[in-house]
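Peer 1: Each chain, written out:
Number of protein chains: 2
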Amino acid sequence: MRVIIIGSGAAGLTTASTIRRYNKEMEIVVITKDKHIAYSPCAIPYVICNEIPSFEDIIMHTPEEYKRDRHIDVITESEVLDMDSENNKITYKDKENNEIELTYDYLVLATGGSPFVPPIEGVDLKGVFKLRTIEDGMRIKEYAENSKSVIVAGAGAIGLETAYALKELGLDVVVVEMAPQILPRALDIDMAKIVMKYLEEDVGIKFILEKPLGKIVGDEDGKVNGAVIDGEFYGCDMVIMATGVRPNIELAKKAGCEIGRWAIRVNEKMQTSIPNIYAVGDCVEVVDLITKQITLSPFGTTAVRQGKVAGKNIVGIEAKFNPVLNAMVSKIGDIEMAGTGMSELGAHQNRLEVIVGKARALTRARYYPGGKLIEVKLICDMNKNIVGCQIVGGERVAERVDAVSIGIVKNMTCNELANIEFCYAPPVSMVIDPLALAAENACDKFKKIEKNE
Amino acid sequence: MRVIIIGSGAAGLTTASTIRRYNKEMEIVVITKDKHIAYSPCAIPYVICNEIPSFEDIIMHTPEEYKRDRHIDVITESEVLDMDSENNKITYKDKENNEIELTYDYLVLATGGSPFVPPIEGVDLKGVFKLRTIEDGMRIKEYAENSKSVIVAGAGAIGLETAYALKELGLDVVVVEMAPQILPRALDIDMAKIVMKYLEEDVGIKFILEKPLGKIVGDEDGKVNGAVIDGEFYGCDMVIMATGVRPNIELAKKAGCEIGRWAIRVNEKMQTSIPNIYAVGDCVEVVDLITKQITLSPFGTTAVRQGKVAGKNIVGIEAKFNPVLNAMVSKIGDIEMAGTGMSELGAHQNRLEVIVGKARALTRARYYPGGKLIEVKLICDMNKNIVGCQIVGGERVAERVDAVSIGIVKNMTCNELANIEFCYAPPVSMVIDPLALAAENACDKFKKIEKNE
Numbered sequence: 001m002r003v004i005i006i007g008s009g010a011a012g013l014t015t016a017s018t019i020r021r022y023n024k025e026m027e028i029v030v031i032t033k034d035k036h037i038a039y040s041p042c043a044i045p046y047v048i049c050n051e052i053p054s055f056e057d058i059i060m061h062t063p064e065e066y067k068r069d070r071h072i073d074v075i076t077e078s079e080v081l082d083m084d085s086e087n088n089k090i091t092y093k094d095k096e097n098n099e100i101e102l103t104y105d106y107l108v109l110a111t112g113g114s115p116f117v118p119p120i121e122g123v124d125l126k127g128v129f130k131l132r133t134i135e136d137g138m139r140i141k142e143y144a145e146n147s148k149s150v151i152v153a154g155a156g157a158i159g160l161e162t163a164y165a166l167k168e169l170g171l172d173v174v175v176v177e178m179a180p181q182i183l184p185r186a187l188d189i190d191m192a193k194i195v196m197k198y199l200e201e202d203v204g205i206k207f208i209l210e211k212p213l214g215k216i217v218g219d220e221d222g223k224v225n226g227a228v229i230d231g232e233f234y235g236c237d238m239v240i241m242a243t244g245v246r247p248n249i250e251l252a253k254k255a256g257c258e259i260g261r262w263a264i265r266v267n268e269k270m271q272t273s274i275p276n277i278y279a280v281g282d283c284v285e286v287v288d289l290i291t292k293q294i295t296l297s298p299f300g301t302t303a304v305r306q307g308k309v310a311g312k313n314i315v316g317i318e319a320k321f322n323p324v325l326n327a328m329v330s331k332i333g334d335i336e337m338a339g340t341g342m343s344e345l346g347a348h349q350n351r352l353e354v355i356v357g358k359a360r361a362l363t364r365a366r367y368y369p370g371g372k373l374i375e376v377k378l379i380c381d382m383n384k385n386i387v388g389c390q391i392v393g394g395e396r397v398a399e400r401v402d403a404v405s406i407g408i409v410k411n412m413t414c415n416e417l418a419n420i421e422f423c424y425a426p427p428v429s430m431v432i433d434p435l436a437l438a439a440e441n442a443c444d445k446f447k448k449i450e451k452n453e
Numbered sequence: 001m002r003v004i005i006i007g008s009g010a011a012g013l014t015t016a017s018t019i020r021r022y023n024k025e026m027e028i029v030v031i032t033k034d035k036h037i038a039y040s041p042c043a044i045p046y047v048i049c050n051e052i053p054s055f056e057d058i059i060m061h062t063p064e065e066y067k068r069d070r071h072i073d074v075i076t077e078s079e080v081l082d083m084d085s086e087n088n089k090i091t092y093k094d095k096e097n098n099e100i101e102l103t104y105d106y107l108v109l110a111t112g113g114s115p116f117v118p119p120i121e122g123v124d125l126k127g128v129f130k131l132r133t134i135e136d137g138m139r140i141k142e143y144a145e146n147s148k149s150v151i152v153a154g155a156g157a158i159g160l161e162t163a164y165a166l167k168e169l170g171l172d173v174v175v176v177e178m179a180p181q182i183l184p185r186a187l188d189i190d191m192a193k194i195v196m197k198y199l200e201e202d203v204g205i206k207f208i209l210e211k212p213l214g215k216i217v218g219d220e221d222g223k224v225n226g227a228v229i230d231g232e233f234y235g236c237d238m239v240i241m242a243t244g245v246r247p248n249i250e251l252a253k254k255a256g257c258e259i260g261r262w263a264i265r266v267n268e269k270m271q272t273s274i275p276n277i278y279a280v281g282d283c284v285e286v287v288d289l290i291t292k293q294i295t296l297s298p299f300g301t302t303a304v305r306q307g308k309v310a311g312k313n314i315v316g317i318e319a320k321f322n323p324v325l326n327a328m329v330s331k332i333g334d335i336e337m338a339g340t341g342m343s344e345l346g347a348h349q350n351r352l353e354v355i356v357g358k359a360r361a362l363t364r365a366r367y368y369p370g371g372k373l374i375e376v377k378l379i380c381d382m383n384k385n386i387v388g389c390q391i392v393g394g395e396r397v398a399e400r401v402d403a404v405s406i407g408i409v410k411n412m413t414c415n416e417l418a419n420i421e422f423c424y425a426p427p428v429s430m431v432i433d434p435l436a437l438a439a440e441n442a443c444d445k446f447k448k449i450e451k452n453e
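From first to last, the protein sequence lines stand for chains L and H. Residues in the first sequence are numbered from 1 upward in steps of one, following the working numbering. Residues in the second sequence are numbered from 1 upward in steps of one, following the working numbering.
Keep in mind that the hints were calculated from the coordinates and are not lab data. Possibly wrong hints are sitting among the right ones.
A pair holds if it fits inside one copy or across any two, identical chains being indistinguishable in the list.
With a straight-line Cα cutoff of 25 angstroms, these simulated BS3-like cross-link-like pairs (lysine-lysine) come out [to be verified]:
id	residue 1	residue 2
1	LYS223	LYS93
2	LYS141	LYS215
3	LYS447	LYS384
4	LYS269	LYS312
5	LYS312	LYS448
6	LYS148	LYS448
7	LYS451	LYS24
8	LYS89	LYS445
9	LYS211	LYS448
10	LYS410	LYS447
11	LYS451	LYS320
12	LYS410	LYS445
13	LYS320	LYS358
14	LYS447	LYS193
15	LYS358	LYS410
16	LYS384	LYS451
17	LYS320	LYS410
18	LYS451	LYS33
19	LYS384	LYS372
20	LYS410	LYS292
21	LYS211	LYS130
22	LYS269	LYS384
23	LYS126	LYS148
24	LYS358	LYS451
25	LYS269	LYS445
26	LYS141	LYS451
Same shape as in the complex, but just chain L:
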């Protein structure tokens, strides 16, 4: 029995390791275009700004280690050319340019996503970068050493983390974003404004919102020396295109797997429309827990959880991947931001009436040194069930969002959250947790509605 896994990101390698954990016999072959495997793409911005000393630090395993410790063959720098799902066979080109055929019993597509770069003038100039792989990160860091200013296109988490990293290296940084807010997919505008205020005032990043990057301008050597935004020229030495990621679905198409609305369609077992082909990670589409609609979930955590589900099912252990909340967190400088479930904007877009509970409070007793402000936004449907939460603040943000994720999955109401027994000690919390305060605020609003009815 042989399983071939295409792709060596978190999804592919977790699938491989999960299969090996439960089955010592199966032959496992991972084929990847990448040179470096098993690194954390989320960590790249932190290496750029030297919070993590080097790129080597974020590479967790080598292909040799996979072979030695887990009997998993990882074939790097190799591209899959052809898929023959009728005969359970693929053709790939290895790093010596040999074309090799390989049959499989199971195939796993973990082909990930590719940065989406809009087709504007100048994107091929020297000094324009995308940020996806560790090699991208290395190139950006090297080029930044001789640069004074950068324009980052896209104010999602990756764009902002990279903007912050380059600002830390001493560059002047302008972020340009088409949406009317930063972090448009993660936070509502009110919460995003808190983050933007910090990045503008405390970090010194400049923002241009509601404008696309028009074109990139180069000098006679073909090097970036500026960009045009809304008709205005901005000088810069570098441009980072953090304008989104698209699922890689070409191989799935070649294999004849059903493609859904956004990406490869899979069932709860992470199985494609072809029973012995599974797909995991950024290349598949998933179900949103709140709206029940199809969505994408391009997160490392999703990739890992999907890899476990696929791996278990391949070895015959039943496992299901649940609909997602798309919980996310980022830390940029001194500010931590996280969100889970539905946003207020998302609710409006889905024509779902919601009540919002808010609280602004400290993370420690107010007399205890070092407490940080955090702001909590809780989104409840009209049955008082919590459907979303966003938190921005100085510390202890991620775990609070995780706590709300548990509440959402278990159909908790704001009344229930207001009555939860949060633990308390002055150095680590307030006697009433900010989550409980936000829940109380939502309860008060429901009471007002009930009174008026």
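Once you have looked at the hints, place chain H on chain L.
Peer 2: Using the frame of chain L, we list chain H on its own:
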């Protein structure tokens, strides 16, 4: 309408403020023995060791502020002498020793608890202290300035926090505890050992377990100069009796309120057996969520939540106090420890079979600097429902325990917790949260049991 509240701790003052929040007319009188009100008793050890600069910092409001801002009369340094619940009347002695009668429409007993000091030889010597009030804290801090060594009797959270504080001030510290472990009510012995190892090896506190403090020995001036433990003499200049707290139920008895197994019996509304007398805080008994048995819940958070419930019911808003998990957290030096729900020991004592899931992991991606080890213990009943959790580690402990508290209240299984979508970014978490790892460990154990059956 007049409500009299006896006691100015968190329970009494929260009741007062809650009543005022919803009712601007009612006369509210708080009578208290204390001189200082509205301070945080949990903060006292942190003032002793100068983590919080002064005792004034932990006093949040003065009686004058209560009068001015909330029209609440706080009568300090006054003792209630007599209760006449037939005629809705109390008699108290004010600080000028006048005996005053006062009638009420509602009475709230927020009489708290008193340190339990075992009747051993020498407890009245100079240099023996209990720790309950801010005045106790001031006396300990002052006496410690001229002391070189201290014996702390009792290794609960207050005892350990005080031991640490005095060690920080430069004293030699010995903690003596009758139980075979420290933190016997909060943690299981395996988790307590991690804390003890840190306090012994990194902080330098000495522990004597499974031994009572035999007697305290004084010099010719009546000052402590040592103590006898298990027949052996230990020299010291101070002794702190952190040997537990007993509910103050004398006034409730005088009023004719029903006393339960441990303390004042109340219903879900915090109402005693006498309908217009409520009781809140350390002087009442509550129901344990897991065992459904009567227990005590001497925590500031419980006091606050009970005060809100009593206050709302007094003004005619229905509110219920739920059974408790007795969630607790403490931070001592660099280590944070927290627990919620049932312990493994508690399960054995209640003859409840449980499965324990454990995990030891970092709080940040392993390549991200500053990550701290945390150890998670998850306790599940044989239906796989999570019934308890304990965590010990360097950071982000309290919120994880809170997340599990939500899970326990909402009947979450270990399988569900293993599949929760924890948010992830390298500076704040691991790609698989330690809680999910512990839940997976429990799931694996259940699978083994199912296989063998």
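Peer 1: Please flag the earlier hints that this structure goes against, numbers listed from lowest up.
Peer 2: 1, 6, 8, 9, 14, 18, 19, 26
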